[in-house]
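If you're matching them up, the sequences are chains A and B in order. Its first residue numbered 1, the first sequence is counted upward by one per residue in my numbering. Its first residue numbered 1, the second sequence is counted upward by one per residue in my numbering.
No wet-lab data here; the hints were simulated from the structure. Values in this document were obtained by computation on a predicted structure and should not be read as measured data. Please note that a few of the clues may not be correct.
[Stated by the list, open to error] In silico PhoX-like cross-links for lysine-lysine, where the CA-CA straight-line distance does not exceed 20 Å:
no., chain 1, residue 1, chain 2, residue 2
1, B, K267, A, K2
2, B, K197, A, K195
3, A, K206, A, K184
4, A, K233, A, K195
5, B, K211, B, K267
6, A, K22, A, K86
7, A, K22, A, K2
8, A, K233, B, K197
9, A, K233, A, K206
10, A, K22, A, K65
11, A, K22, A, K81
12, B, K66, A, K233
[What the hints assert, rightly or not] Simulated coverage check for chain A against chain B, where a stretch passes if three residues somewhere in it have a Cβ under 8 Å from a Cβ of chain B:
no., stretch
13, 46–59
14, 224–235
Note that beta-carbon positions come from the ideal geometry of N, C-alpha and C, so glycine has one too.
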Amino acid sequence: MKQLVFTIRSNEPLNDQNHLLKVAPSDNTPLPLMLPGQFVQILVENAPHTFLRRPISINNHDPEKNEIWLLVQVVGEGTRKICEMKCGDQLNMLLPLGNSFTIPSAPGHFLLVGGGVGTAPMHFLGKILKENGFTCDFLLGGTSEMNILQRSEFEQIGTLYCTTEDGSLGEKGFVTHHSLLQNKVYDFIYSCGPKPMMVAVARYAKERGIGCEVSLENLMACGFGACLCCVEKTTRGNVCACTEGPVFDINELRWLD
Amino acid sequence: MTLRNPVMTASGTFGYGTEYTDFMELGRIGGVFVKGTTLEPRQGNDYPRMAETPSGMLNAVGLQNKGVDYFVEQIYPVIKEYDTHMIVNVSGSTVEDYVACSERLAALEKIPAIELNISCPNVKEGGMAFGTSCVSAAQVTKAVRKVYPGTLIVKLSPNVTDIAEIARYVEAEGADAVSLVNTFLGMAIDAESRRPKLSTITGGLSGPCIKPIALRMVWQVYHAVSIPVIGMGGICSWQDAIEFILAGATAIQVGTCNFVDPSVSVKIVEGIDSYLQRHQIDSVNDLVGAMETL
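Next up, chain B with everything else stripped away, as it sits in the complex:
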């Protein structure tokens, strides 16, 4: 899979791309990771699902989606016409769920890649459970690799002791790339009412507040694996994007910031272009992992 540019949008923050077409041209960015798709429809968690935090937010959406059949029949015919790579984020409660969902998506000509979400903190079963142990991360990657011939990206959880070790395990089982990080497990309490701000008590923290930790993890994983690393975590500007690329990301995803500025991804594309011109760098690929030493 070759990207027009390294800027893509993160699953769960960009709908199916359709939600953003009033605000920007999808053809200007490298790709769109559509919202988490599961084998069966899911209602998601109860309201409230969101709490604002300093420089970020907590969410507990819980993979609300209408299931892979609905995606194939109703969503795909619309989004296959979009002028960018449309990549589907796949989640499940069991290895069999991931396999069945991935098999259905493998049949879709205009979906060049899937992103295995083994890192969602907001569902009781599956999700993050697969991404917090090397053995289960490897197991689900191996099973999907057998049935999915396209580009297989595995999205890693930051809620682990050593993210680089998990990355090595999924690389060994045939992942073509890893993307990181998903959200950090967090919580918030209303001091007056003494109640949790999320219906699930805990949720996933995202936004600029996680950027330094995400950047460190991308740098660690870049040095641990040979496959491309897709970096994300609080990217809101071209400077943020360049930092991730210098730390080792071949491409980046813009996530929560899409909510604040729905055209931010295009601004990041433009910012990277002028940075490359200003520094007389031919290709953004020359910057991957190119952090200098002090």
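Bound-form chain A, shown alone:
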């Protein structure tokens, strides 16, 4: 883990709520190894009501450009300030934080399910899976077409399937209702998004005996295991989602008890 100052190279609005920030260390320090599922903690300056850092998952790590991508959704004052930052502005971040998704050891069919801004780590994971020789399908859900983010990036990595609540893109409904889940058999499922979606994905996987990892977004203060606020109940008791997670095997969680 490091505390580093980054310079914003670009800040692109993807829709009215989400921005893609590409950032690089201001002093060109080579970035440490970063794994899919890990996150950063961003210091929000000049925002009087925002005291704590904002945890944001890593959307992509480009070692050649020494750059990382952060997909930020405007939720409150803190994330709004981050999204308002301009090229050349600086961001103080702690990184890389947390554990990571498990990279498979044998070939198979892999499904990456994302909902809302939870699609962010699925992009980084898909890229690493592809680099390791695995093919994967993406199943992304959102309220409408404009909320399915980074479609062209996903299409470059694997096959993209979508659901929208209003039917404006892909099948109408929630991701767990997509026909793909009835027609194709997967060996492993990864998921990140709203908790009700991940619970439904976990139930689907468990009922079929498919391995499944989910990435949690529990509220946290520090992000590195000191405050003990982001705990998740697991088969091992209360554990910090920031250090023991954010990625958990669904069999460790107590969601389906």
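Position chain B relative to chain A; hints supplied.
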């Protein structure tokens, strides 16, 4: 116990120090107060345990820890090598718990002090209950004093009418120092869902928002007792630290701000050093309680 400098880190905000070694050198600060330790393991409270507030946060962790035996066997062998004072914060539900836990810690050569936490607002029994009455604060201090020969610090609750009176009682029973303040009891409600933001409804408020009240309490206690006062409550900068020292704190603890800037304690050490040079003051001890009159 002699400190390298007056800057330490507060219990519950700094883990066992291990969590911070990527971000700073522990050898640069005066001491680390490790997380609250109890006789038996505790799972803590349910999630959600945290809510951000303007210039601060509420927490309801509830003393999650693996118990004193685990501390002695698994944690102590690691942290005894750290180049700073490692002080253990002790909590309990009964006087007997505090005594048994303190006895175990008394046997550890590299733990020079303990901090009796009679002020945790997040547990149903014990904790703050001991710190809100003069009689029970005195009772637990007296009982631990009998079994603990090292430096005994008592951490006071601000959730009282007269914190100076509690300080006088624990001083009379043999406390070597008092530390204050623990968190203020508070709460937050989500307006949309109408639900409390913490699983326990109420929790402890910390961060810069409590600093003026904490500073006032440190000043009051400084004038009430003869033992050293360790001040804390929202300290985020060297200026904050100097304010507490001028109000009467011999040393200070940095708490919630560690979450925001994990190296802030070292920055405070450096800031105090340059302040002393700039004002040509030989020792920070000369500043303790040195607030001028208007």
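Against the structure, the hints come out as follows:
{"no.": "1", "hint": "B/K267 - A/K2", "in the structure": "16 Å, holds"}
{"no.": "2", "hint": "B/K197 - A/K195", "in the structure": "17 Å, holds"}
{"no.": "3", "hint": "A/K206 - A/K184", "in the structure": "16 Å, holds"}
{"no.": "4", "hint": "A/K233 - A/K195", "in the structure": "14 Å, holds"}
{"no.": "5", "hint": "B/K211 - B/K267", "in the structure": "19 Å, holds"}
{"no.": "6", "hint": "A/K22 - A/K86", "in the structure": "11 Å, holds"}
{"no.": "7", "hint": "A/K22 - A/K2", "in the structure": "18 Å, holds"}
{"no.": "8", "hint": "A/K233 - B/K197", "in the structure": "18 Å, holds"}
{"no.": "9", "hint": "A/K233 - A/K206", "in the structure": "18 Å, holds"}
{"no.": "10", "hint": "A/K22 - A/K65", "in the structure": "10 Å, holds"}
{"no.": "11", "hint": "A/K22 - A/K81", "in the structure": "16 Å, holds"}
{"no.": "12", "hint": "B/K66 - A/K233", "in the structure": "15 Å, holds"}
{"no.": "13", "hint": "46–59", "in the structure": "holds (count 6)"}
{"no.": "14", "hint": "224–235", "in the structure": "holds (count 10)"}
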